[in-house]
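For the record, the sequence lines run as chains D, U, V and C.
In terms of the numbering used here, the first sequence opens at residue 1055 and continues consecutively.
In terms of the numbering used here, the second sequence opens at residue 1055 and continues consecutively.
In terms of the numbering used here, the third sequence opens at residue 9 and continues consecutively.
In terms of the numbering used here, the fourth sequence opens at residue 9 and continues consecutively.
By construction, these hints were calculated from the structure, which means they are not laboratory data.
Careful: at least some of the hints might be erroneous.
What the hints assert, rightly or not - Simulated crosslink set (BS3-like; lysine-lysine; CA at most 25 Å straight-line): (1) Lys-191(C) / Lys-48(C); (2) Lys-65(C) / Lys-151(C); (3) Lys-15(C) / Lys-374(C); (4) Lys-483(V) / Lys-1177(D); (5) Lys-1160(D) / Lys-1109(D); (6) Lys-65(V) / Lys-254(C); (7) Lys-1109(U) / Lys-1130(U); (8) Lys-36(C) / Lys-12(C); (9) Lys-1130(U) / Lys-191(C); (10) Lys-1177(U) / Lys-423(C); (11) Lys-151(V) / Lys-483(C); (12) Lys-15(C) / Lys-483(V); (13) Lys-12(V) / Lys-423(V); (14) Lys-1155(U) / Lys-1177(U); (15) Lys-36(C) / Lys-48(C); (16) Lys-64(C) / Lys-293(C); (17) Lys-374(V) / Lys-12(C); (18) Lys-82(V) / Lys-12(V); (19) Lys-110(C) / Lys-483(V); (20) Lys-1109(U) / Lys-1160(U); (21) Lys-420(V) / Lys-12(V); (22) Lys-48(C) / Lys-293(C); (23) Lys-64(V) / Lys-483(C); (24) Lys-254(C) / Lys-65(C); (25) Lys-1160(D) / Lys-1130(D); (26) Lys-483(V) / Lys-64(C); (27) Lys-64(C) / Lys-254(C); (28) Lys-420(C) / Lys-12(C); (29) Lys-64(C) / Lys-48(C); (30) Lys-483(V) / Lys-1155(D); (31) Lys-483(C) / Lys-1155(U).
Each chain, letter by letter, is given below.
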Amino acid sequence: MSHTIVLGVIGADVHAVGNKILHYAYTQAGFFVVNLGVMVSQEEFVQAAIESEAKAIVVSSLYGHGEIDCRGLREKCIEAGLENIKLYAGGNLVVGKTPFKEVEEKFIAMGFDRVYPPGTDPKTSVDDINKDLASL
Amino acid sequence: MSHTIVLGVIGADVHAVGNKILHYAYTQAGFFVVNLGVMVSQEEFVQAAIESEAKAIVVSSLYGHGEIDCRGLREKCIEAGLENIKLYAGGNLVVGKTPFKEVEEKFIAMGFDRVYPPGTDPKTSVDDINKDLASL
Amino acid sequence: MNIKNKKLDLNEFMQIRENVLLDWPTGKEVNLEEAFVFQKSLPAHLSFSSLLADAKKNQYILIQPRAGVAALDKHIELLQYLQDVGTADCLPSTIDSYTRHKRFQEAQQGLEESIVEGRSLLNGFPAVNHGVSGCRRLIQSVKVPVQVRHGTPDARLLAEITLAGGFTSFEGGGISYNIPYSKNISLEQTIRDWMYVDRLIGLYEEQGISINREPFGPLTGTLVPPSISHAVAIVESLLAAEQGVKDITVGYGQCGNLIQDVAAIRTLESLTQSYLEEHGYTDMKITTVMHQWMGGFPQDEAKAYGVISWGAATAAFAGATKVIVKSPHEAMGIPTMAANAQGLMTTKQVVSMLKDQRMPLTQELKAEMSIIEQETRSIVDKLFELGEGDIAVGTIRGFEAGVIDIPFAPSKFNKGLILPARDNVGAIRFLEVGNLPFSDEIKAFHAQKLQERAAYENRSVDFQMVIDDVYAIGKGKLIGRGSKGEQQ
Amino acid sequence: MNIKNKKLDLNEFMQIRENVLLDWPTGKEVNLEEAFVFQKSLPAHLSFSSLLADAKKNQYILIQPRAGVAALDKHIELLQYLQDVGTADCLPSTIDSYTRHKRFQEAQQGLEESIVEGRSLLNGFPAVNHGVSGCRRLIQSVKVPVQVRHGTPDARLLAEITLAGGFTSFEGGGISYNIPYSKNISLEQTIRDWMYVDRLIGLYEEQGISINREPFGPLTGTLVPPSISHAVAIVESLLAAEQGVKDITVGYGQCGNLIQDVAAIRTLESLTQSYLEEHGYTDMKITTVMHQWMGGFPQDEAKAYGVISWGAATAAFAGATKVIVKSPHEAMGIPTMAANAQGLMTTKQVVSMLKDQRMPLTQELKAEMSIIEQETRSIVDKLFELGEGDIAVGTIRGFEAGVIDIPFAPSKFNKGLILPARDNVGAIRFLEVGNLPFSDEIKAFHAQKLQERAAYENRSVDFQMVIDDVYAIGKGKLIGRGSKGEQQ
Ligand code: B12
Ligand code: B12
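Working from the sequences, and respecting the hints, build out all of it.
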């Protein structure tokens, strides 16, 4: 099944390389990808998910401000009626080399379904997304 | 005053480079140096000190067995009637990168007067030796 | 198009200036006359221009970190540590991403939260929020020159505040801080805003205060072929010179193949010099900076040290004036103070050991230099042509036409048609030339180089090759080969 | 002199053997026939010869650490870690200093104390004390070939036990493990004892079991000019070949000047090959090993990483078959498992990144190669002359005459007249040539090179220069300059 997912790099973040590769990898994996590119606001993510009837939002943050930028995204989704949407986050989510456990807890607490450490192979998330969306 | 000192590398240790440089540095500093070179036994150190009426023995150990090799040197000196001789040790005295405090305590406990960490500039010890021998 | 590569009229500049200073309350602290006096009062060892001139003359290589945290005290502590423990020859203040996008309110919030939490929530130093007085406290706390390093499309207020604050070098440019660093901002806009910055620096120069300008060489940091970054560096140098800038350090991000990198640094200096002279800017001081590998790093610190050292060695063999240093934490996050200093010390060890070894001008080096020269000249000359002699106009039209094109860039004003990949010895070539104005000969050269590699690896020349190369250094290789020819 | 470079008579060998095996109780575990069977039973991936051949053919560079601790279990754990985490391509067992001097009783005591204290009090692995069965347990616990690395003047029992124990490579030689490693042992003695070792390996070869032999290239590790270590490597190769050794890895310790180092590795291989062929040993497999800088290291770990990486880069540009890796703890003490693996990972990153880049044969490289060739040939040919055609005799006479001479060596059988120092680009030259049989032209070349440097530094060519150079890398430089020309 060709799931629709929204992809983008949140906040004032311009790291474009990983985003281009994720786009390619997710397309290869059979997803229908709505790629918002870099510098995407929470509103744009939510808007795109509504418009495309996506089941998942894949958020990248590389530049360190991920923690500030991602706060409230889950709430915005709920407000917009996207109660069941899956939220994924990956990249270099916080400032500085940090034990991943801490980062994961922080983002799970913010309402993300899965969180990935720096440099995660896109393939890992493909399997996870397929599993998660199958159960929806 | 031209103090006489005995110099050598103890045990089965063949590290010759530092020994040649120490010899040069101590001679430049005005000491009369009896250099036994590398692979020197405790007995040879004591014997040379007696023969040359030296006031100090400068022991190098680089190769890691310094701890085993130096045990008992102080006792041998005392047995041979060299109660007041000053004992100095330097180099890479133990196996592995070790906090110097620990090494120092160990060698002081063995009866050494002063102990020096890896790569100590010979000049440091020249000043110390001059001070120590002046008070004899 | 309402832009021209022409020195800004002083009145016009002053009019714009009034608005610029209103962008954030600290803007009103800036008084140009007083700033000149302050800059003149600074000792010579805080001048970037003097330091660069000395290094170039005595042929040693300056090392500089990237570094910036939110709180002023912590930032001072950080820079002092990098200077004293890290033996940095010159210092940076890397600006946070909110400031870069003039989101001063969010920067303020990040700064305040950082002070409360006792750790930096910002990825850099919010210089505008700290204002002139904060910058001055910083500059007067260190013993070496400090540069503003950022990535700011509109850096006018940032420049006003930091220059008045005693910084003596300013990184960036209307292209190099736009295309890799933003999405929706037009080149016309950023070139214009950077004319302002350059004009401001020109005013300092007129007062005898030499402020160093450094176009950002590495662009997207990812497999950028030398001729692309050279073209940008030359254009930005020409634009800066027109506004009165006199001291320029042109930059380049290490690719990883030694001959290509040495050829790049050598041609970068000679081409910049030559274009500036051709266009009548004859009293310029030109130096070079090489950035250690700017793409994805290996996560393991020991491996990162290998990448860092190889960058240091390359800078030495090339004879760059300055090298920008990475840390062993690169792949993971903004480095701690200690990790940052470690990158510096590794680099210092290597550049000082190799200080007296330069690569001789061999056949191979000459050939590589000639390729880079031909490519760069064909791009820059085409830009002049498109601009009917005006390089500002030509550059904007050039990007529209894809005559100049930066790989992996986020900007929608970049055509994004070209694709780079490594050849069989790791030099970066063009897999797709897009609309670059290259001769058939040059195009054939690149195609053949990649064919060689493809044949060796028994695969086809395609996008997967590009992806493999993007990942390669992070995975311990230079060339992202398939299984063939790999050490296990 | 009662020695000849002649294959040992088998009966004579067997007679000596009886006594050798009595040196320590574990000697009686060795049964040659059974050992052949065991070695033949080992899988190909544990064979050093096969691995070296593959690396040479496919042009990748093997990385190998130094490592050894007293207790068997801990040693196995250490090697597994270096293999799995450090990604070592081949492993060592570095032997402790008591074993090297056949003080097996002290080794036993150190081993027992180490087990009790739970840390190694010995600076290596006491293979003789662990015996054949201990060695076999070790070899069968790892996935890559293991070599004996030591520094043992009389290594006969050590060889018997370790080869029967499944090691497939053996380092050392009658010169290289005498002059730098002992004080009072005659060359006649050690050359004879190493003929035994080589003859033993020859017996394995006759059974189709190829055991790799590696003369110890770096000698005293301290500013050894290439021609000196080349001469020793060639002599030991000739001696080994005569006894039936077929697989030789000649070694060299990095000097630090890239051109000199590349020239050294290239000539080392070609000269060894050519001397062996000239003397009728035509079916030899020759490979090379480069040791990362073997002299004093900087104490700071970040700086040590720089030195390690530069060694790795040099090995890659030279195209050595194998590189022996230092750790960031080098200046401080025997590395922890983790530090040892870190040195390996840094090295792996660099050699794999640079795998496809080799230094082209430039004018400068050719010139340096020619110097090394002339010098080496004049030494080796003189040794043949002094020995009236017999290289064993000639070598002993040569050392007596100072016609071959190793700097900083502890042995009283070494003349110790030569002094090395770096020239103005860091290549190692002769400050004193002693009695080396060099032409006037070569002597003048060295004098002039050092004069150049002295003039640049405004100082005289003297012993202080040598001392400064001994300290230099430890202090972050290659050349121990006075104040002039230094980066601060
Ligand atoms: C190239 C690069 C740049 C380029 C970017 C060019 C461009 N426009 O794309 C330039 C030079 C412009 C740049 C600028 C900056 N950068 Co930068 N940059 C890098 C670098 C070296 C490589 C990034 C990259 O392209 N990697 C290759 C791609 C393929 O990998 P990736 O980006 O990690 O993405 C992959 C994975 O993370 C994963 N992934 C990503 N998102 C998600 C999401 C999910 C759900 C999953 C499963 C997986 C996943 O899949 C991707 C594809 O494989 C990294 C450090 C590193 N990784 O080595 C620093 C790094 C990301 N940058 C950093 C910083 C701070 C900056 C700057 C603020 C400051 C500066 N140094 O100048 C600016 C930021 C500008 C801005 N506003 O965003 C920091 C972030 C620090 C932190 N988080 O603590 C890093 C980590 C460097 C560092 N250690 O300081 N940078
Ligand atoms: C060169 C060298 C060798 C050469 C020595 C050649 C020769 N015959 O001289 C060779 C290659 C043969 C060698 C062999 C071995 N080495 Co070694 N070697 C070194 C190395 C790299 C440099 C030593 C040197 O010459 N430094 C330059 C001189 C000028 O400095 P120095 O020796 O430190 O001496 C100065 C100071 O220490 C001080 N000093 C010394 N003694 C004293 C005493 C006093 C009172 C004072 C004030 C100062 C002082 O003044 C000296 C002059 O400035 C060191 C590591 C390092 N330092 O980087 C390892 C090192 C000393 N070696 C080591 C080892 C283990 C060995 C071997 C056992 C194993 C091996 N790796 O092969 C064998 C030992 C053989 C034996 N039986 O002794 C270890 C010791 C480990 C430990 N203590 O934990 C070291 C530290 C390397 C390591 N980290 O593993 N080695």
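Status of each hint after checking the structure:
1. Note on Lys-191(C) and Lys-48(C): the hinted pairing is violated, with a Cα-Cα distance of about 39 Å set against a maximum of 25 Å.
2. At roughly 21 Å between alpha-carbon atoms, Lys-65(C) and Lys-151(C) fall within 25 Å of each other, so this suggested pair holds.
3. Between the alpha carbons of Lys-15(C) and Lys-374(C) the distance comes to roughly 37 Å, so the proposed pair goes past 25 Å and is violated.
4. Taking the CA atoms of Lys-483(V) and Lys-1177(D), the gap is near 16 Å; set against the 25 Å cutoff, the hint holds.
5. Between Lys-1160(D) and Lys-1109(D) the CA atoms are separated by roughly 23 Å; this keeps the pair inside 25 Å, and the hint holds.
6. At roughly 54 Å between alpha-carbon atoms, Lys-65(V) and Lys-254(C) are farther apart than 25 Å, so this suggested pair is violated.
7. With a C-alpha separation of about 15 Å, the suggested pairing of Lys-1109(U) with Lys-1130(U) holds against the 25 Å cut-off.
8. The suggested pairing of Lys-36(C) with Lys-12(C) is violated, with an alpha-carbon distance near 29 Å, which exceeds 25 Å.
9. Annotation: proposed proximity of Lys-1130(U) to Lys-191(C) holds, straight-line Cα distance about 24 Å (limit 25 Å).
10. With a C-alpha separation of about 29 Å, the suggested pairing of Lys-1177(U) with Lys-423(C) is violated against the 25 Å cut-off.
11. With a C-alpha separation of about 23 Å, the suggested pair Lys-151(V) and Lys-483(C) falls inside the 25 Å cut-off, and the hint holds.
12. With a C-alpha separation of about 50 Å, the suggested pair Lys-15(C) and Lys-483(V) falls outside the 25 Å cut-off, and the hint is violated.
13. A threshold of 25 Å between alpha carbons decides the hint, and for Lys-12(V) with Lys-423(V) the separation of about 22 Å falls inside it, so the pair holds.
14. As the CA atoms of Lys-1155(U) and Lys-1177(U) are separated by approximately 21 Å, the hinted pair is consistent with the 25 Å bound.
15. With a C-alpha separation of about 21 Å, the suggested pair Lys-36(C) and Lys-48(C) falls inside the 25 Å cut-off, and the hint holds.
16. A threshold of 25 Å between alpha carbons decides the hint, and for Lys-64(C) with Lys-293(C) the separation of about 10 Å falls inside it, so the pair holds.
17. Only pairs whose Cα atoms come within 25 Å are accepted, and Lys-374(V) paired with Lys-12(C) is rejected, the gap being roughly 54 Å.
18. Taking the CA atoms of Lys-82(V) and Lys-12(V), the gap is about 43 Å. The hint is violated against a cut of 25 Å.
19. About 45 Å separates the Cα atoms of Lys-110(C) and Lys-483(V), which puts this hinted pair outside 25 Å; it is violated.
20. For the hint pairing Lys-1109(U) with Lys-1160(U), the CA-to-CA distance comes to about 23 Å; that is within 25 Å, so the pair holds.
21. Of the pairs offered as hints, the one joining Lys-420(V) and Lys-12(V) holds, with about 22 Å between alpha carbons and a cut-off of 25 Å not exceeded.
22. Under the criterion of a C-alpha separation no larger than 25 Å, the hint pairing Lys-48(C) with Lys-293(C) is consistent with the structure, at around 20 Å.
23. Annotation: proposed proximity of Lys-64(V) to Lys-483(C) holds, straight-line Cα distance about 23 Å (limit 25 Å).
24. At most 25 Å may separate the alpha-carbon atoms for a hinted pair to count; Lys-254(C) and Lys-65(C) meet this at roughly 17 Å.
25. Our distance criterion of 25 Å between C-alpha atoms is met by Lys-1160(D) and Lys-1130(D), whose separation comes to about 18 Å.
26. For the proposed pair Lys-483(V) and Lys-64(C), the alpha carbon gap of about 23 Å is at most 25 Å, so the pair holds.
27. Of the pairs offered as hints, the one joining Lys-64(C) and Lys-254(C) holds, with about 16 Å between alpha carbons and a cut-off of 25 Å not exceeded.
28. With a CA separation close to 22 Å, the supplied pair Lys-420(C) and Lys-12(C) stays within the 25 Å bound.
29. A distance of roughly 23 Å separates the Cα atoms of Lys-64(C) and Lys-48(C); the hinted pair therefore holds under the 25 Å criterion.
30. At roughly 23 Å between alpha-carbon atoms, Lys-483(V) and Lys-1155(D) fall within 25 Å of each other, so this suggested pair holds.
31. Distance hint between Lys-483(C) and Lys-1155(U) is fulfilled; the C-alpha atoms sit about 23 Å from each other, no more than 25 Å.
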